[in-house]
Amino acid sequence: MKVSILGGSGYAGGELLRLLINHPDCKITRVTSQRFAGEPLYRVHPNLRGRTNLRFDDKSLATHNDNDLVFTALPHGKSAGLVPQLLDQGTKIVDLAADFRLKNPEAYPEYYHTKHEHPELLEKAVYGLPEIHREDIRNAKLVAVPGCMATASILGLAPLVKTGIVEKEHIVIDAKIGSSGAGAGPSMGSHHPEREGGVRPYKIVGHRHTPEIEQELGQLNGGNVKVAFTPHAVGMVRGILVTIHAFTRGQVEKKDVWKAYRGEYGNEPFIRMVSDNKGLFGLPNPKNVIGTNLCDIGFETDAHVNRLLVMSAIDNLTKGAAGAAVQCYNVMAGLDERTGLDTIGLHP
Amino acid sequence: MSSEKCPDCEALVSVPDDAVNGEIVSCPDCGLDLEIALAGQERTVKPVVLEKEDWGE
Ligand SMILES: NC(=O)c1ccc[n+]([C@@H]2O[C@H](COP(=O)([O-])OP(=O)(O)OC[C@H]3O[C@@H](n4cnc5c(N)ncnc54)[C@H](OP(=O)(O)O)[C@@H]3O)[C@@H](O)[C@H]2O)c1
Ligand SMILES: [Zn+2]
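Just so you know, the sequences run in chain order A and B.
Quick note: the first sequence uses this note's numbering, first residue 1, plus one each step.
Quick note: the second sequence uses this note's numbering, first residue 1001, plus one each step.
Here are the simulated DMTMM-like pairs of lysine to aspartate or glutamate, each with C-alpha atoms no more than 20 Å apart in a straight line:
| # | chain 1 | residue 1 | chain 2 | residue 2 |
| --- | --- | --- | --- | --- |
| 1 | B | K1005 | A | D256 |
| 2 | A | K259 | B | D1029 |
| 3 | A | K78 | A | D88 |
| 4 | B | K1005 | A | E253 |
| 5 | A | K259 | A | D276 |
| 6 | B | K1046 | A | D276 |
| 7 | B | K1046 | A | E253 |
| 8 | A | K278 | B | D1029 |
| 9 | A | K259 | B | E1010 |
| 10 | A | K278 | B | E1010 |
| 11 | A | K254 | B | D1033 |
| 12 | A | K259 | B | D1008 |
| 13 | A | K278 | B | D1033 |
| 14 | A | K255 | B | E1010 |
| 15 | A | K278 | B | D1054 |
| 16 | A | K2 | A | D336 |
| 17 | B | K1005 | B | D1033 |
| 18 | A | K255 | B | E1004 |
| 19 | A | K255 | B | D1008 |
| 20 | A | K255 | B | D1033 |
| 21 | A | K254 | B | E1010 |
| 22 | A | K259 | B | E1004 |
| 23 | A | K254 | B | D1029 |
| 24 | B | K1005 | A | D276 |
| 25 | A | K2 | A | D25 |
| 26 | A | K168 | A | D302 |
| 27 | A | K287 | A | D276 |
| 28 | A | K203 | A | E110 |
| 29 | A | K254 | B | D1008 |
| 30 | A | K278 | B | D1008 |
| 31 | A | K162 | A | E268 |
| 32 | A | K278 | B | E1035 |
| 33 | A | K103 | A | E131 |
| 34 | A | K254 | B | E1004 |
| 35 | A | K278 | B | E1023 |
| 36 | A | K255 | B | D1029 |
Part of the chain A face toward chain B, derived, beta carbon under 8 Å:
| # | residue |
| --- | --- |
| 37 | K254 |
| 38 | K255 |
| 39 | W258 |
| 40 | M273 |
The hints are simulated quantities; they were obtained by calculation from the structure and are not laboratory data.
Remember, predicted model here, so these are calculated numbers, not experimental data.
Glycine residues also receive a C-beta, built at the ideal position from the N, C-alpha and C atoms.
Go ahead and model the full structure; you've got the sequences and the hints to work with.
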């Protein structure tokens, strides 16, 4: 397919480029940036030097009508206005922002402080988590790639909520995220002397990923799921670890938890159970998935307080953004989902 | 090679045909260490429990 990337100078756009430049089914025709228009891509993404002759352009959307598919990696609120025109000209869209993730239009003013410009499109958008919506993604025209911390949380919890092992209204999610999650724009929060060496809680209640997590988990078990979600900014550049505290009515046997995960994820190409609790590498650690599209999941039962503890680790830019977008693209194009994503992570 | 079910997670754990009494095998999924017990033709596995401190963490 011929594709364009809108917002190609950002971190999510750069990760899309890293994954798509070698993708056998994908021809990148345009990459946009207002700030860097005319510059070769490697001025912004040095890892791409020698791999492509493309330059950023800032042409209007009208010039994107020769594409089969457009990836939008723009700040929240910027893609909602562009999508109707793209859909009208028959272009498919994989949107990495939050503009089409939520089904309930009322959630936008509550969590994003703006009214949605095109609420009629929310029902048409498919939530881009192939592990849950693979069949709908196959024929989708508009895919909304999930939020990064939402992805780690939903994947960690889905089998447990679906099988009813955990109580649906008492789920606590503690997330740690690296600085690239905040995008390429400089800020005090990502400024090295402020960030490094600290663990800074932020948006401790009412974080924007809360409604996505509740929406997706609620659909799995026909009812209300409530999560208490709190993120922390840590010194890593890439990576997310969510530690989930879920509670069970009585004691739960480990083998039943294993059964739930194996039942749901037995054939998933990007989910690894990392739950042997042995040595340094027996539980999920974002360091072990950096640059890959993997989600590592581990758990432990805690009979002392009827707790089921789950850890889930991803790279926020890969499985948390661009990798998930490429995985969705592969599903839409009828390709093996691993195409362009079959990388082994770094160690150490 | 035969296999036994891990008592913790129910994964199949391979036990070599020439395993000796007291040999330890590890479950590939949950990491539980299992000790092989041989009694005549019968082979069973039982968890080995080792208490660990958090030095080195
Ligand atoms: N970072 C992550 O871990 C992550 C994870 C999941 C989802 N996402 C989502 O992906 C999207 C991009 O995130 P990011 O981290 O890549 O952000 P970023 O690094 O700040 O990049 C934003 C991109 O949008 C362009 N842009 C900025 N303001 C614009 C405007 N007013 N109109 C049009 N283009 C504009 C920028 O290009 P120019 O200024 O050069 O034109 C840049 O290419 C966001 O919606 C984010 O929520 C990010
Ligand atoms: Zn086991």
